[in-house]
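**Q** Now for the letters of each chain:
Number of protein chains: 2
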Amino acid sequence: MTTNGFSGIQKVTIVGAGTLGTQVALQTAITGHDVTVLDVSDDALTKCRTNHEAILKTYLARDNANDTDNDNDNQARGWKGLSSVTKSAEQVVEETLNRILYTTDTEKAMKDCELVSENVPEVPEIKASTYTNLSKYCTNDDTIFTTNSSTLLPSDFVEHTGRPSKFLALHFANGIWDANIAEVMPHPATDDTITTKVLDFAKDIHMVPFHVQKEQNGYLINSLLVPWLNAAQSLVTNGVSSPADVDKVWLISTGGYHHKELSTCRAPFIIMDQIGVPLVAGVLSYWGEIHNDEQMKANGAYLQEHYVTKGKVGITNGNPKEDTIEGIYSYPNPEYMSTDFLK
Amino acid sequence: MTTNGFSGIQKVTIVGAGTLGTQVALQTAITGHDVTVLDVSDDALTKCRTNHEAILKTYLARDNANDTDNDNDNQARGWKGLSSVTKSAEQVVEETLNRILYTTDTEKAMKDCELVSENVPEVPEIKASTYTNLSKYCTNDDTIFTTNSSTLLPSDFVEHTGRPSKFLALHFANGIWDANIAEVMPHPATDDTITTKVLDFAKDIHMVPFHVQKEQNGYLINSLLVPWLNAAQSLVTNGVSSPADVDKVWLISTGGYHHKELSTCRAPFIIMDQIGVPLVAGVLSYWGEIHNDEQMKANGAYLQEHYVTKGKVGITNGNPKEDTIEGIYSYPNPEYMSTDFLK
Numbered sequence: 001m002t003t004n005g006f007s008g009i010q011k012v013t014i015v016g017a018g019t020l021g022t023q024v025a026l027q028t029a030i031t032g033h034d035v036t037v038l039d040v041s042d043d044a045l046t047k048c049r050t051n052h053e054a055i056l057k058t059y060l061a062r063d064n065a066n067d068t069d070n071d072n073d074n075q076a077r078g079w080k081g082l083s084s085v086t087k088s089a090e091q092v093v094e095e096t097l098n099r100i101l102y103t104t105d106t107e108k109a110m111k112d113c114e115l116v117s118e119n120v121p122e123v124p125e126i127k128a129s130t131y132t133n134l135s136k137y138c139t140n141d142d143t144i145f146t147t148n149s150s151t152l153l154p155s156d157f158v159e160h161t162g163r164p165s166k167f168l169a170l171h172f173a174n175g176i177w178d179a180n181i182a183e184v185m186p187h188p189a190t191d192d193t194i195t196t197k198v199l200d201f202a203k204d205i206h207m208v209p210f211h212v213q214k215e216q217n218g219y220l221i222n223s224l225l226v227p228w229l230n231a232a233q234s235l236v237t238n239g240v241s242s243p244a245d246v247d248k249v250w251l252i253s254t255g256g257y258h259h260k261e262l263s264t265c266r267a268p269f270i271i272m273d274q275i276g277v278p279l280v281a282g283v284l285s286y287w288g289e290i291h292n293d294e295q296m297k298a299n300g301a302y303l304q305e306h307y308v309t310k311g312k313v314g315i316t317n318g319n320p321k322e323d324t325i326e327g328i329y330s331y332p333n334p335e336y337m338s339t340d341f342l343k
Numbered sequence: 001m002t003t004n005g006f007s008g009i010q011k012v013t014i015v016g017a018g019t020l021g022t023q024v025a026l027q028t029a030i031t032g033h034d035v036t037v038l039d040v041s042d043d044a045l046t047k048c049r050t051n052h053e054a055i056l057k058t059y060l061a062r063d064n065a066n067d068t069d070n071d072n073d074n075q076a077r078g079w080k081g082l083s084s085v086t087k088s089a090e091q092v093v094e095e096t097l098n099r100i101l102y103t104t105d106t107e108k109a110m111k112d113c114e115l116v117s118e119n120v121p122e123v124p125e126i127k128a129s130t131y132t133n134l135s136k137y138c139t140n141d142d143t144i145f146t147t148n149s150s151t152l153l154p155s156d157f158v159e160h161t162g163r164p165s166k167f168l169a170l171h172f173a174n175g176i177w178d179a180n181i182a183e184v185m186p187h188p189a190t191d192d193t194i195t196t197k198v199l200d201f202a203k204d205i206h207m208v209p210f211h212v213q214k215e216q217n218g219y220l221i222n223s224l225l226v227p228w229l230n231a232a233q234s235l236v237t238n239g240v241s242s243p244a245d246v247d248k249v250w251l252i253s254t255g256g257y258h259h260k261e262l263s264t265c266r267a268p269f270i271i272m273d274q275i276g277v278p279l280v281a282g283v284l285s286y287w288g289e290i291h292n293d294e295q296m297k298a299n300g301a302y303l304q305e306h307y308v309t310k311g312k313v314g315i316t317n318g319n320p321k322e323d324t325i326e327g328i329y330s331y332p333n334p335e336y337m338s339t340d341f342l343k
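Heads up: the sequence lines are chains A and B, in that order. FYI, the numbering for the first sequence is 1 to 343, going by the numbering used here. FYI, the numbering for the second sequence is 1 to 343, going by the numbering used here.
Calculated from the structure, these hints are not laboratory results. Honestly, I wouldn't trust all of these hints.
When chains are identical, the list treats them as one kind, so a pair holds in a single copy or across two.
[Said to hold, decoys possible] In silico DSSO-like cross-links for lysine-lysine, where the CA-CA straight-line distance does not exceed 27 angstroms:
no.	residue 1	residue 2
1	Lys343	Lys214
2	Lys11	Lys343
3	Lys203	Lys343
4	Lys343	Lys127
5	Lys310	Lys87
6	Lys343	Lys87
7	Lys312	Lys111
8	Lys111	Lys321
9	Lys57	Lys343
10	Lys297	Lys136
11	Lys321	Lys214
12	Lys312	Lys203
13	Lys80	Lys136
14	Lys127	Lys57
15	Lys80	Lys310
16	Lys87	Lys214
17	Lys80	Lys343
18	Lys321	Lys297
19	Lys80	Lys203
20	Lys297	Lys343
21	Lys80	Lys57
22	Lys136	Lys108
23	Lys343	Lys111
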């Protein structure tokens, strides 16, 4: 089977079977590509396969076979149009699992591979040794290497890839099928035709591609989110306001109340709970140090002290209507999902 | 007639008949209060009355007499529930205009006045002389003075009010009936009972009140908007991305596509057009100077050079579906209102 896609890329290797690697592998396979998941750990691969089966159950639950007009709002944006009158959702699931190979064998994983998506931990030494190893076993000079690193730049690793002109960032968001963005960021020596090909590949896997035209820490979305979350937390850290008030004022001022349902409304502290409070605290502390920004450091410390150390970590990928967890808000049924929240 | 409101305040004087003063006066009157509009210019008062009549026509157009469940999404948030089975929208309009007095006579305007909303230009000398004059003619020691200043703090003028404990900020957004927030910000010497009373008054005029607990430049909403707009413009100024791509990535990542209709979606550059590009350019340049922030200064200069000097000022209070104007986007029917925008 071929995808008849824009890029012509069919065989893809996902390196690293963590949260993001698992999601990228599933999204690439469900859109018709042959996927190999490579990890150093058999346990990680087993967990990855289990997670794929669980995610595919949510695909089935959200699928609507009558969704021919692509307007089923319950279905994830990245999953629209996969099932059809000629192919049931059950068939999509079966074929998807059949297209994924899980292995610890780098040589096997790199054979005939056309595109690599690297999703290993954000530790420079691990990234460097991974690229050195992949390069050693990659027999095809045309293979494109992409990194899904959130915090590091392609330039940081290009020397280890053995293919500077065919290396760039292809960055996804957590919950890749819902927030279906793909940020494509070359380094200065990336070949333009390769950038174009990867933008096309992003479309092939049902992403909306964004060309980040210069290397930029945080790509596009994190470059917007970090200053915004930091500004929101500054108001709380400095005793000016409360998380719920900040969220309310944002939602009213930016027309957030026009959402079809309250569970989809997004404001700074609602988003902190979804990203995970420990991650937000870590990012603010880290960038506060890097930029020597006292307010940002104080904001990271505040979140750490008032939430993280108390086990209030947020809802991340959970269901705010069902899960019992603390974050900035209390779950299930946080106050922002009450119809009175904006009154 | 009395409002039977939370605050007990009935007689309100609006000082300054500009854009915001006109809106505050109308909203205060339409919710059942006796309003005096005071300005130094007869022409300004005539224009204010004309604008009141025009705004009340939009109220009639948006009103739905059957809106007993307060769920008419077309109606402004601040106008819900004004008409009823016993009172038609036409009656509301007639009574509203009958409750407003327009005058250039400070003595008359201050007689029996319970609350003042000051909306004069953001020039420190004008504010100071206004408060000195109001204080001179205010015969009631209990009268509360509020400032609607967006850029200056209550502390900057408290010495001219003659009533430090009864002075504070009561700040509204442009389009007060839609973005129906009221930011109530005391200075350190404001009496707590006065702050509470003004929060209650905000509810009486159908606002959602927010207590800004410490003096903060930009209150809550502008404290969030400015860093966010600045971060967005940085990506464009630095050649990393384009306005439309930045808006798309925001809307997809924060679930903005869940809005009932595309015309209500909000992202950084869409909002810049609604605020008005010259104002955003001015704010970024000003704060860039104050904070000695080179990136922010460059962002203000970029907007000035690429848009403002070319007459691309945005849509502000206009209708994006009908008006012909340039901004970051081209109107009418900007690309962000196309159903393909997020595909």
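**Q** Which hints, by number, does the structure contradict?
**A** 4, 5, 7, 8, 10, 11, 12, 13, 14, 15, 16, 18, 20, 23
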